[in-house]
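Add 252 to the 1-based position in the sequence shown for this note's numbering, that's all there is to it.
If you are wondering where the hints come from, they were derived from the structure by calculation, not from laboratory data. It is possible that some hints are incorrect.
Computed spacing ranges between beta-carbons, pair by pair [claimed, not checked]:
| # | residue 1 | residue 2 | range |
| --- | --- | --- | --- |
| 1 | 327 | 380 | 17 to 23 Å |
| 2 | 384 | 293 | 18 to 24 Å |
| 3 | 332 | 266 | 20 to 26 Å |
| 4 | 383 | 418 | 46 to 52 Å |
| 5 | 349 | 262 | 19 to 25 Å |
For lysine-lysine, the following DSS-like pairs were computed, each having C-alpha atoms within a straight-line distance of at most 25 Å [claimed, not checked]:
| # | residue 1 | residue 2 |
| --- | --- | --- |
| 6 | 264 | 412 |
| 7 | 264 | 350 |
| 8 | 308 | 418 |
| 9 | 418 | 351 |
| 10 | 308 | 351 |
| 11 | 418 | 264 |
| 12 | 412 | 350 |
| 13 | 264 | 308 |
| 14 | 350 | 418 |
| 15 | 308 | 350 |
| 16 | 351 | 412 |
Keep in mind the model is a prediction, meaning the values are calculated, not measured. Beta carbons: idealized from backbone N, C-alpha and C, even for Gly.
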Amino acid sequence: MQKTVLSNSEVKAITMNGIVMALYLGLTILVAPVSSGPIQFRISESLNHLVVFNRKLMWGVLGGVVVYNFFFGFGAIDALYGGLQSFISLGLTALLHKKVPNVIARLALNTIFFTATMCIIAFMLAPNGGAAFWGNYATLALSEFATMAVAAPVMYWINKSVHFEKRL
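Given the sequences, and given the hints that come with them, work out the whole structure.
This is the structure:
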C-alpha cells in the first residue's frame with residue numbers, strides 16, 4: 253500500500269480554502285435573515301471575487317456555499333442548486349484567468365456571471381416557471397449584482413495589500 257504525503261503547498265491550499273469556507277459561513281450567518289430566499293444580500297458573496305485573483309480559492313468559496321445552503325438554507329436541494337450556480341460562475345471566472353489579464357475586467361465579468369446564473373436559484377424557488385420565476389430572477393439578480401458590484405472595488409483594494417494571487 254502506498255503512503256500519501258501532502259506537500260507543504262497542498263497543505264497550504266487546503267488550509268486557505270478551509271479559512272475561506274469558514275469566512276463564507278460566518279459572513280452568511282451574520283446576515284442570516286437576508287441570506288436566503290428570493291432576495292439575498294449575502295456579504296459573503298464578496299468572497300466570490302477571490303477567484304479573480306487566485307483560482308485555487310474556488311473550492312473554499314464553493315464549499316461555503318454548499319455547507320451553508322445544506323444546513324442553514326433549504327437543505328439538499330439548495331446545496332445542489334446553489335453549488336451548481338456557484339460552480340458555473342466560479343468556473344467561468346477561473347477559465348478566463350489567463351485569457352483576460354485585466355483584473356478589473358475579470359471582476360466585472362465575475363459580477364456578470366454571478367448575476368446571470370441566478371436564474372438557477374430562481375428556477376429552484378419557482379420550478380414551474382411563469383411570473384414567479386421571473387419575479388424571483390429579477391430580485392435575485394438585482395441583489396446579487398448590487399452585492400458583487402459593491403464588493404468588486406473593495407476586493408480590488410484589499411488585494412493591493414494582501415496579494416491573493418501569491419497566497420497559494
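For each hint, the structure was consulted:
For the pair residue 327 and residue 380, the beta carbons lie near 19 Å from each other, so the given range of 17 to 23 Å is met. Taking 18 to 24 Å as the suggested C-beta distance range, the pair residue 384 and residue 293 conforms, at roughly 20 Å. At about 24 Å, the CB distance of residue 332 to residue 266 agrees with the hint of 20 to 26 Å. The given range of 46 to 52 Å is respected by residue 383 and residue 418, whose C-beta atoms sit roughly 48 Å from each other.
About 20 Å separates the C-beta atoms of residue 349 and residue 262, a value consistent with the hinted range of 19 to 25 Å. Restraint check for residue 264 and residue 412: the C-alpha separation of about 21 Å stays at or below 25 Å, so the hint holds. Distance restraint check for residue 264 and residue 350: the Cα-Cα separation of roughly 23 Å lies within the 25 Å cut-off, and the hinted pair is therefore satisfied. A C-alpha spacing of about 11 Å is found between residue 308 and residue 418, which places the hinted pair at or below 25 Å, so the restraint holds.
As the CA atoms of residue 418 and residue 351 are separated by approximately 19 Å, the hinted pair is consistent with the 25 Å bound. The suggested pairing of residue 308 with residue 351 holds, with an alpha-carbon distance near 17 Å, which does not exceed 25 Å. Note on residue 418 and residue 264: the hinted pairing holds, with a Cα-Cα distance of about 12 Å set against a maximum of 25 Å. Only pairs whose Cα atoms come within 25 Å are accepted, and residue 412 paired with residue 350 is accepted, the gap being roughly 19 Å.
Straight-line distance between C-alpha atoms of residue 264 and residue 308 comes to about 11 Å, which keeps the hinted pair within the 25 Å bound. The suggested pairing of residue 350 with residue 418 holds, with an alpha-carbon distance near 16 Å, which does not exceed 25 Å. Between residue 308 and residue 350, the direct Cα distance comes to roughly 14 Å. Compliance with the 25 Å bound is thereby established for this hinted pair. Between residue 351 and residue 412 the alpha-carbon distance is near 21 Å, which keeps this suggested pair within the 25 Å criterion.
Figure legend: structure checked against the earlier numbered hints; every hint is met.
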